[in-house]
Amino acid sequence: MIRSVLLHDGKITEDIDPAKWKEVSAKPGAVLWIDVQSPKRKAVKSLKDAFGFDDISLEDTRSFSLLPKLDTFKDYAFVVIHALGYDEASGAITRRELDFFIGKSFLVTVHVEPITTVDKVFKEAQKSTAVLERGPALLTHIIIDRLIDLSYQMVDVFDDDIEEMESRIASGQMEGIVDWQLRVRRALLLMKKSIGPQRDVLNELARRDSPLISHEAAIYFRDDYDRLARVYDQVDTNRELVAAAAEAYRSMVSLRINEITLRTNAAIEWLTLFASIFLPLTFLAGVYGMNFDQQAEYSTPGFYPMLWGVFGLITLIMVVFFWRKGWITILHKAEKLDFVTDAVEREKPKT
Amino acid sequence: MIRSVLLHDGKITEDIDPAKWKEVSAKPGAVLWIDVQSPKRKAVKSLKDAFGFDDISLEDTRSFSLLPKLDTFKDYAFVVIHALGYDEASGAITRRELDFFIGKSFLVTVHVEPITTVDKVFKEAQKSTAVLERGPALLTHIIIDRLIDLSYQMVDVFDDDIEEMESRIASGQMEGIVDWQLRVRRALLLMKKSIGPQRDVLNELARRDSPLISHEAAIYFRDDYDRLARVYDQVDTNRELVAAAAEAYRSMVSLRINEITLRTNAAIEWLTLFASIFLPLTFLAGVYGMNFDQQAEYSTPGFYPMLWGVFGLITLIMVVFFWRKGWITILHKAEKLDFVTDAVEREKPKT
Amino acid sequence: MIRSVLLHDGKITEDIDPAKWKEVSAKPGAVLWIDVQSPKRKAVKSLKDAFGFDDISLEDTRSFSLLPKLDTFKDYAFVVIHALGYDEASGAITRRELDFFIGKSFLVTVHVEPITTVDKVFKEAQKSTAVLERGPALLTHIIIDRLIDLSYQMVDVFDDDIEEMESRIASGQMEGIVDWQLRVRRALLLMKKSIGPQRDVLNELARRDSPLISHEAAIYFRDDYDRLARVYDQVDTNRELVAAAAEAYRSMVSLRINEITLRTNAAIEWLTLFASIFLPLTFLAGVYGMNFDQQAEYSTPGFYPMLWGVFGLITLIMVVFFWRKGWITILHKAEKLDFVTDAVEREKPKT
Amino acid sequence: MIRSVLLHDGKITEDIDPAKWKEVSAKPGAVLWIDVQSPKRKAVKSLKDAFGFDDISLEDTRSFSLLPKLDTFKDYAFVVIHALGYDEASGAITRRELDFFIGKSFLVTVHVEPITTVDKVFKEAQKSTAVLERGPALLTHIIIDRLIDLSYQMVDVFDDDIEEMESRIASGQMEGIVDWQLRVRRALLLMKKSIGPQRDVLNELARRDSPLISHEAAIYFRDDYDRLARVYDQVDTNRELVAAAAEAYRSMVSLRINEITLRTNAAIEWLTLFASIFLPLTFLAGVYGMNFDQQAEYSTPGFYPMLWGVFGLITLIMVVFFWRKGWITILHKAEKLDFVTDAVEREKPKT
Amino acid sequence: MIRSVLLHDGKITEDIDPAKWKEVSAKPGAVLWIDVQSPKRKAVKSLKDAFGFDDISLEDTRSFSLLPKLDTFKDYAFVVIHALGYDEASGAITRRELDFFIGKSFLVTVHVEPITTVDKVFKEAQKSTAVLERGPALLTHIIIDRLIDLSYQMVDVFDDDIEEMESRIASGQMEGIVDWQLRVRRALLLMKKSIGPQRDVLNELARRDSPLISHEAAIYFRDDYDRLARVYDQVDTNRELVAAAAEAYRSMVSLRINEITLRTNAAIEWLTLFASIFLPLTFLAGVYGMNFDQQAEYSTPGFYPMLWGVFGLITLIMVVFFWRKGWITILHKAEKLDFVTDAVEREKPKT
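Going down the list, the sequences are from chains A, B, C, D and E.
Under the working numbering, the first residue of the first sequence is numbered 85, with each subsequent residue one higher.
Under the working numbering, the first residue of the second sequence is numbered 85, with each subsequent residue one higher.
Under the working numbering, the first residue of the third sequence is numbered 85, with each subsequent residue one higher.
Under the working numbering, the first residue of the fourth sequence is numbered 85, with each subsequent residue one higher.
Under the working numbering, the first residue of the fifth sequence is numbered 85, with each subsequent residue one higher.
Keep in mind the hints are simulated off the structure, nothing from the lab.
Treat the numbers as computed from the prediction; the structure is a model and nothing was measured.
Be aware that a few hints might be false.
Given that identical chains are not distinguished, each listed pair holds provided it fits within a single copy or across any two copies.
[Said to hold, decoys possible] Dumping the calculated DSS-like pairs for lysine-lysine here, alpha-carbon to alpha-carbon at most 30 Å:
(1) 158 - 126
(2) 124 - 204
(3) 409 - 158
(4) 277 - 95
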């Protein structure tokens with residue numbers, strides 16, 4: 085899809101015939117913007133014929149294959165940047181390559197997929213002469229500036245997201261953290277990888293003082309650079325915060341396992357104590373419930389109360405033995421082990 | 085909010101009319117300081133009219149959007165730094181952008197939110213001629229110097245905090261460590277991200293020997309740089325110490341789980357031994373408590389004592405079997421496994 | 085194995101006698117390509133005699149011993165790159181050294197093992213004059229270009245692989261992740277180590293504007309560089325994603341252990357409660373099943389119902405005790421502990 | 085505390101009156117060393133009066149506030165280094181700032197806290213003319229050289245410490261590792277942060293060939309640099325080794341937990357088997373120990389032996405069921421699970 | 085220990101008197117190699133007298149105190165490298181400092197401990213004139229070349245070692261991994277720290293085109309550099325692979341704990357079910373085995389069969405309750421939990 089808009093003598097003309105591109109852009113004071121989406125061979129040929137772009141750059145525009153970069157040629161500059169977007173459906177970051185050919189009197193933007201920001205600016209250029217009047221370099225700045233605004237918004241969303249996650253982890257709500265982490269890490273990584281070289285491109289543009297990029301444009305690119313540097317810094321900060329949160333999450337899960345293990349231990353020690361007392365006792369009671377004729381104990385005087393004494397003795401031995409092992413955790417709010425439980429209590433939501 | 089203070093002929097005048105800014109700052113020997121908080125369009129316009137600041141810098145001062153940086157123009161330098169603060173209520177670090185326009189005879193400070201340090205210095209400048217006498221560049225130094233003092237204090241608080249945490253972890257007190265970690269990591273990260281570029285700005289200021297920044301001022305900025313470098317280094321050190329503490333904490337939690345698991349194991353082995361002995365015994369006792377007419381054993385002579393022999397034999401077999409498996413951990417201070425318990429003992433507070 | 089192809093006067097001649105290499109490559113307009121596989125001493129000598137290559141480079145071509153690099157000599161450039169491949173049998177990355185001697189009228193490629201891409205281009209050169217016509221430098225570009233295409237494909241496979249793994253981890257399917265991780269990490273590391281210096285070589289080639297490498301060839305190498313830079317970036321991104329996935333995997337395993345531990349705890353608490361109730365009760369029942377003549381209780385009126393009262397009392401005490409300890413987790417969908425189970429539920433596949 | 089020593093005409097004079105510093109240091113061939121500890125305002129003033137040191141450097145000497153650095157002025161060089169020490173009581177590293185003012189004929193050393201090395205060299209200078217004869221720059225070298233010797237010793241202590249820890253971890257002795265780690269990491273980090281910039285200072289000194297630092301002195305500083313570079317390298321190596329040891333420690337704790345979990349599992353499976361057999365059996369025996377008049381089974385011929393058959397059948401079913409589940413781990417040296425135990429065995433001390 | 089070998093007029097002379105070193109090395113065409121092991125004061129003096137080496141370099145040769153480096157003086161170059169070795173007894177890497185003084189007509193090698201490679205080359209020099217004929221610079225290259233060969237071999241051993249470890253971890257054999265890791269990490273770290281600066285020294289040598297290092301020698305050093313760069317790269321790769329393997333190992337141990345925990349859980353749930361059924365049943369049977377005269381139930385018609393009904397009811401309630409809780413894991417190949425077991429199965433050796 086090719087569309088174009090021309091400003092000449094204060095008049096806006098749309099959809100210029102490719103055959104006339106060369107001619108109209110050569111007119112003094114004319115500014116021509118050509119936006120090409122999903123470039124076909126034919127479009128590429130038209131561009132080459134009109135402006136003499138090099139084959140390789142043109143070929144590269146047809147696929148998403150390059151990192152952000154700036155190549156300067158005699159009559160034009162070739163700029164590759166990535167338009168970042170957020171796909172709400174999948175919660176994923178999208179990266180779309182956007183190529184600029186910046187000439188003295190023309191701007192060619194090429195992209196494989198539609199980019200909303202380019203669309204909007206193009207429509208503004210169709211409506212008002214104010215947009216094209218600023219010239220190809222500042223037109224580039226306008227588009228990049230809007231894309232940086234989008235990045236600011238995206239990074240703000242992550243800021244809030246991470247703060248919320250931190251407070252959820254600190255308060256022990258652990259739903260979906262693993263999944264969230266994977267998603268956010270991927271998104272931030274893609275942003276970083278995209279913004280890093282983009283920042284360098286802007287830095288280069290800001291330092292270039294050529295017929296293509298006026299001193300004024302350079303100053304604007306410098307401001308774009310400063311703002312993108314801050315976005316980059318924020319992405320980097322967020323990446324570290326997510327990593328710290330991931331670690332804190334793992335600590336928290338360990339602490340939970342610790343807490344549960346403690347409770348299990350208390351229950352098992354109690355069970356063991358009870359079994360240690362009552363298994364022998366029940367056995368003895370069973371023995372004297374047997375029906376052997378020979379069980380002379382049945383009629384031995386004093387044997388029955390003595391047996392109660394034995395019951396008591398066994399119980400006493402077991403309780404003392406467990407007590408000295410410090411194993412009747414269930415009975416006291418265990419002094420030795422409660423630090424962990426305390427920790428868990430304190431980690432819980434404070435509200 | 086705009087306020088200004090002028091020193092001229094040794095006299096201090098306050099709240100100069102914006103319309104006269106240009107005029108008064110042009111007088112020989114005059115020093116004018118304008119402090120603008122939450123700049124509105126009108127304030128921005130006044131500044132532009134009076135000093136001819138560039139639009140982009142002025143626009144940037146209206147939001148918190150830049151990393152610390154230094155831009156030099158013909159008649160003034162534009163400096164962005166971050167004033168760090170500590171919000172006691174939330175325990176969080178605050179970063180506030182503070183912009184300086186340093187001219188030959190004027191200083192303009194712009195910030196969105198109030199900054200206590202700027203307030204204090206402004207009040208001093210209103211009271212004593214000594215402050216403004218030093219000129220715009222050294223005035224900038226004074227403000228930055230005070231902000232660095234604050235950073236020193238903040239970093240000292242973290243130093244103490246971390247040392248205390250280390251000793252708490254080493255002594256097994258684990259309350260609130262995860263939460264603490266998240267908080268401190270975030271704070272240190274923000275400090276690092278803010279101080280790093282700020283240090284670079286100071287380095288640039290220290291190397292500039294221009295009409296705006298005198299040789300004397302450069303030396304002071306150099307000292308600011310040295311001191312901020314130390315703060316930065318300390319922040320970096322603290323970040324590593326917190327990371328190490330976080331790791332130690334995880335090791336400690338694992339060690340606790342290990343300890344509890346060991347105790348649970350000892351209890352379960354004991355329980356299993358008791359059950360292995362008394363379940364068969366009780367079953368046998370139960371069998372010979374049955375009331376079948378056919379149970380000829382009841383009257384078989386010697387069966388009853390023989391049964392006691394069987395009871396003893398079963399017990400013996402079980403005890404020997406468990407002993408050889410090395411499973412009666414509860415009885416001896418288990419030689420094979422006590423290294424962990426020892427470790428835990430030693431890790432406990434030494435006081 | 086040595087094979088050669090010569091283009092001269094629009095005619096293709098194959099397998100030139102090594103003795104004539106020097107002569108034919110000296111003819112104006114001739115382009116000679118010699119491909120040497122597993123070079124023997126004799127081949128090395130022929131090359132030295134014909135083109136005067138330095139001993140050390142020639143010696144190095146006989147083993148896989150160098151990182152990608154570019155050495156420029158008076159009459160030729162010596163380029164070492166690695167041809168990356170994917171061995172489907174073992175799932176491993178293969179790295180094969182490929183050495184180029186780029187002269188004005190000749191190209192010598194040397195490799196120890198066969199490289200499919202070189203094979204294919206060689207066959208094309210035998211069939212069509214179009215290949216050799218472009219000259220040694222662009223011939224080098226063609227081979228490198230195809231190798232980069234292969235790298236793109238490999239990196240795309242990893243992209244898909246990682247995304248699938250991420251969704252498998254997030255949905256709790258954990259088969260073979262450890263093994264997969266080790267394999268992918270090794271592969272990505274080897275790619276990175278190979279592509280990094282290769283990118284630098286292309287960058288150097290792109291900046292060289294010499295009789296050996298024409299301005300046109302330099303532009304093509306620049307494009308190769310840009311494309312390889314993107315592959316490198318993607319490899320780097322993938323490495324970070326795999327590391328994040330590995331961490332997420334460990335978190336997930338911990339979460340599973342947590343879940344199982346919770347269930348075990350609930351079962352054990354229930355068991356302990358039941359044992360705490362019924363062990364004493366069964367003991368008492370056993371006592372009053374004993375056959376002692378002295379057991380006056382048997383005929384004491386009201387003792388039997390009273391015993392039922394005791395049974396009830398013991399039950400009540402135990403239930404209340406456990407209830408207050410909050411230990412009858414099995415009965416209610418435990419409020420205190422269900423957050424983990426919830427987390428596990430939510431982490432499960434959403435489809 | 086101020087002390088000074090002067091070498092002039094081969095004679096040593098001590099404690100020169102501050103008022104005469106300027107005068108005596110101006111004499112040809114004189115070498116004056118002034119050592120100031122915990123500088124007071126007065127001392128600072130004396131130094132300024134005598135040598136004209138800049139205010140800022142003098143102010144900085146009064147607190148521990150700078151990283152190692154080198155500032156060159158017209159008549160003197162200002163050098164800040166850190167003297168590292170090891171506090172045996174607390175096992176912590178101490179860092180003390182040591183400032184040098186190196187002039188042509190004088191050396192001023194300033195430090196807040198006492199530094200043993202400076203003390204020793206000062207006493208040597210009081211005893212023998214050989215020390216001061218070498219001049220201020222080489223005097224500086226002598227002090228720094230001794231401090232580097234100390235660093236070598238400290239780093240050697242850590243070397244041995246780490247090797248011992250590694251072998252203790254590998255052999256399963258785990259006492260106090262967490263605490264040790266925290267302490268050593270902190271110490272190594274402080275050393276690194278201190279030595280890094282110090283090394284840079286020495287590098288600068290070695291490259292300076294000025295009236296203050298003779299060519300000979302520069303060579304000695306170069307050697308100091310080389311030696312400190314090695315210390316730095318060793319500190320870095322140790323940091324990585326400690327990190328690796330910390331990781332190994334965590335792996336070892338996990339392996340222990342694994343081992344204990346395995347033993348617990350075996351005990352529980354055995355307990356479950358026994359309970360599964362004897363709980364039903366004991367119940368049945370209990371049933372036929374009941375005293376109901378209606379229990380016709382008591383007199384049914386063959387019921388009693390049949391019951392024994394039932395007992396046997398239940399036992400058989402349970403044993404077969406557990407056997408097929410592979411759950412009677414206690415009986416065989418479990419084939420499926422013993423790899424871990426083996427691992428644990430092998431990890432144990434080999435002596 | 086000092087030994088020397090001189091080539092002059094095609095004749096080899098051994099053990100030249102130190103007093104004649106200066107004289108013989110001054111003869112045109114002479115090449116003198118002096119190898120000094122564990123240098124004593126006397127040897128150092130002889131070297132100084134003969135060649136005028138600087139004191140500091142000479143002093144440094146007497147201890148193992150420097151990182152690899154290159155210092156160029158007027159008449160000689162001072163090169164420090166580390167000879168890496170592998171001590172088979174302890175499985176540890178050894179690093180021995182080897183110092184070269186490269187003059188126009190002499191080479192002095194100094195080392196504290198014996199170095200096999202130097203020994204071998206020295207013996208060759210004693211036997212054949214071909215070695216010394218190449219001159220001091222190429223002699224240095226020969227020794228370094230051999231040392232690099234050794235490094236290649238060492239790094240290949242680690243390559244194989246790591247691949248074996250990876251497959252052992254992936255197949256669940258976990259013997260001695262922790263110990264192995266610590267050892268290999270230490271070895272690779274030492275190699276890296278040694279090879280890094282050594283590579284830089286070679287790079288410097290390769291760029292030096294001086295009377296001491298001929299253009300030819302520089303080319304050879306360049307090749308040494310290329311080859312050492314590959315060793316360095318391989319060491320780096322191995323370090324990352326070991327780190328990845330260590331992580332995989334920890335994941336594997338966690339997975340094992342998970343597996344065992346699952347089995348324990350199944351056993352405990354089964355035990356709890358059985359106890360929940362038979363503890364109440366056995367109690368009831370015990371109650372009706374009591375001998376109270378008042379137990380009218382004994383003669384109540386229908387009570388006995390009703391009791392069987394109660395037995396059945398309790399059993400039913402328990403089974404249904406556990407079934408609905410999804411807790412009878414032992415009975416079915418648990419659908420909900422088997423993913424982990426599956427994972428474990430798949431992770432096992434595939435052969």
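Outcome of the hint check:
1. Proximity of residue 158 to residue 126 under the C-alpha cut-off of 30 Å is restricted to the intra-copy arrangement: shortest distance 24 Å within a copy versus 44 Å between copies.
2. Proximity of residue 124 to residue 204 under the C-alpha cut-off of 30 Å is found in both arrangements, the shortest distances being 23 Å within a copy and 28 Å between copies.
3. Proximity of residue 409 and residue 158 under a CA criterion of 30 Å is satisfied in neither setting, with 88 Å inside one chain copy and 76 Å between copies.
4. For the homomeric pair residue 277 and residue 95, neither the shortest alpha-carbon distance inside one copy (41 Å) nor that between copies (49 Å) is at most 30 Å.
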